[in-house]
Amino acid sequence: MMAVAVEQRPEGKLKTDPRTLAALAVALVVTLWMASEIEMSIFMAIVLWAIIAVRTIFHENELVNRLTVVAFVVWAIALPFFHDEGAGFIEDATLALAYAVMALGLNIIVGFAGLLDLGYVAFYALGALTAGWFMSGFFVNAGGGEGVSLFVGEPASTLPGIHFNFLIVLIIAVCVTTIAGMLIGLPTLRLRGDYIAIVTLAFGEIVGRIVINGDQIIIGGEKLTNGRQGITPIDKIDLPFLEPFKSLDLRPWYFVALGLVVLVLFVNYRLRDSRLGRAWIALREDEVAAASMGVPLVKTKLLAYGTGAAFGGLSGVFLGSYLNTVNADQFQFSFSIFVLAMVILGGLGSIEGVMLGAVVLTFINFNFIPDVFNDYPSKIGLDFDLTELSFGIFGFLLVIMMVLRPEGLIPERRRKLELKEGIGVGDTELGTTETMFEAKA
Amino acid sequence: MTDTGAGTAPPVGDGQDGALLSARNVSKIFGGLVAVEDVTFEIPERSIVSIIGPNGAGKTTFFNMLTGLYKPSYGSISFAGRNITGRRPDRIMKDGMARTFQNIRLFGTMSAVENVMVGQHSRMGAGLFGSILRVPRVGREERAVTEKAHEVLSYVGIREEHHDTLSVNLSYGEQRRLEIARALASDPKLLLLDEPTAGMNPQESAELTDFMHKVRDERGLTILLIEHDMQVVMGVSERITVLDHGLKIAEGTPEQVRENPRVIEAYLGKQGAAEAEAGAAKRAQPGQPGQGSDGET
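From first to last, the protein sequence lines are chains A and B.
Under this note's numbering, the residue at position 341 of the first sequence is numbered 341, and the numbers go up by one with no gaps.
Count along the second sequence starting at 1, add 1000, and that's the number in this note's numbering.
For the record, the hints were derived by calculation from the structure and aren't laboratory data.
Backbone N, C-alpha and C fix where the C-beta goes; we use that ideal spot for every residue, glycine too.
Check before you lean on any hint, since a few could be wrong.
[Unchecked claim] Residues from chain B shown here face chain A by an in silico Cβ test under 10 Å; the list is partial:
#1 L1033
#2 G1086
#3 F1107
#4 T1109
#5 H1121
[What the hints assert, rightly or not] Simulated restraints, written as ranges between beta carbons of each label pair:
#6 B/D1187 with A/V298: 32 to 38 Å
#7 A/F151 with B/R1159: 48 to 54 Å
#8 B/H1150 with A/L397: 41 to 47 Å
#9 B/G1220 with A/V262: 45 to 51 Å
#10 A/I171 with B/H1150: 36 to 42 Å
#11 B/R1134 with A/D17: 50 to 56 Å
#12 A/F266 with B/S1078: 45 to 51 Å
#13 B/R1088 with A/L21: 53 to 59 Å
#14 A/A27 with B/F1030: 56 to 62 Å
Turn these sequences into a full structure, and let the hints guide you.
Listed below in structure tokens is the structure:
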């Protein structure tokens, strides 16, 4: 009691820790160096640093916290206008946002509900395939060779194949992946922990194999996929009231990705603080107790799988169109691990953390390893490129994280407690119970 | 304490055909082990009933069958006029049977209030889309549920300033209370308490005994408990069922059970029982002080 009161008071009054200020100074230097390396606008980098600095220093103040969130959103919207239309930085930033959508989806399954999913790539694959089927010339015979189109503009509507509007394909993909998510959920219902991981891993592999061998699978005279060749080109996004997107102007793509992220963030926050979110966390904590408290296990788990999978589908459609190809090589096991690493690096269950994890890992993977550091080994006389080691580097990063900050970059309140203070507390309590009981008897 | 029990005894009397819960010839077999064998058992409405027995007698297994965590190998269970044999635990909870656990099973990383809100899960209607869009109905429901959670927490005696504390950080006694609050939040008809006083000191046990009477009288609940503390059992129960090696060996009022030689034998062993009897016959004080105090007193 006393301890609580004493602990809480002084922190609000305390001046900022000099170590925090030092860390912010270092962060500024690092930010500037990174910004120049990845060709990010120096001005925007400084603004970002300033937002983070203000939030770090005044994190006690609720008003400042809200203002920094607003500032951050404005910053994210303004970002592309400080770069060229086709800047490499915006290209990677768009990719990072699309991956963040997937990481946030996986976060619902792994972070909220505690169901370890090693086959998340399956949902990406299904989403991308939906784009491949309904936004390209893949089904050449559709509509008697004339093509079928729905709410799309000039170039696409006249071509053979099926050409649906991006938004319609998004909805189809959400339906397809939600059903797939529930299907993968079904066999895992009776399983726990590691066994769930194995089943989901197998599911990811199965979908990957089907995409690779899909050119041999003929249904009703049509191939299922184009196998390793990939389905290409995919229609550009064509939103109502806007010009069709071009591959050279990346800004619209960035905004669509940002919009998807905002949508997914919104859903994440709402669900986390809802009846369903509480049920997921209860499930993660103690399945037996959750069931005894009236949480229907099957329904709750399937909803976690379904919702998480739907986000994978959204991102898949976007990436299909953005990368302009749906290609079997994109859907490998390592991609599941890549997304899982984002979730773990950022902080399991922490929405902000997972966002950050996705952005950090995307830039490490597509920027720092291939562009910035790639020739470092050869500079010191070693005969290899860093890209060959990228997964080794991810593994190394994760090990470092597990040692230094196992709860993730921005830990979820609950996880932090679990890892720092040890939820094992319960066990020691039980120990004392036993002894007390013995003593009483 | 006993007075309160006796005072409200009359309405309990009509439980003859109004049994809230009844188990008929229930058995549970794990591989070769018969954990519970052919137990028939009834709980009248608005009564407080205890199950006692030595360690490993099958009490918790029996509990788990009632709450749906185990499916009985044989026999049937009916609750509030409905056959619930093999029904899912969350459905049984929804039917109005809530429980606590012998080894506390709270959701450790959730606050006290959140724990109680999970307890109300089955009484809520918010679905996936309603929660995402937070339609007015869902917002109202959230507010009502939060308010009720605070109310129930205060009712079981957890102070306001601890309501938002994570449940692992609560004291042991408060964790026990929180488990009861979580179960009560669903407005159950029947509350099952699995060794609620384990690890409590005599004063806390006495408080809990009073609390059980209070809950029964104010909320019209029926309570079934497993308990080792004989003082609590004798003080609070209107009826006691004794299990040993999975079999029901005795049933009756506390006085009847206290006198039953088979019960004494189960607790003290044949020799101990003989000695206890000899001791009683001699009217001398204790036959076996160390063990004797375990079962009786």
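Review point. Which numbered conditions among the earlier hints are violated in the structure presented, ordered from lowest to highest?
Key: As far as the earlier hints go, 1, 2, 6, 7, 11 are violated by this structure, in ascending order.
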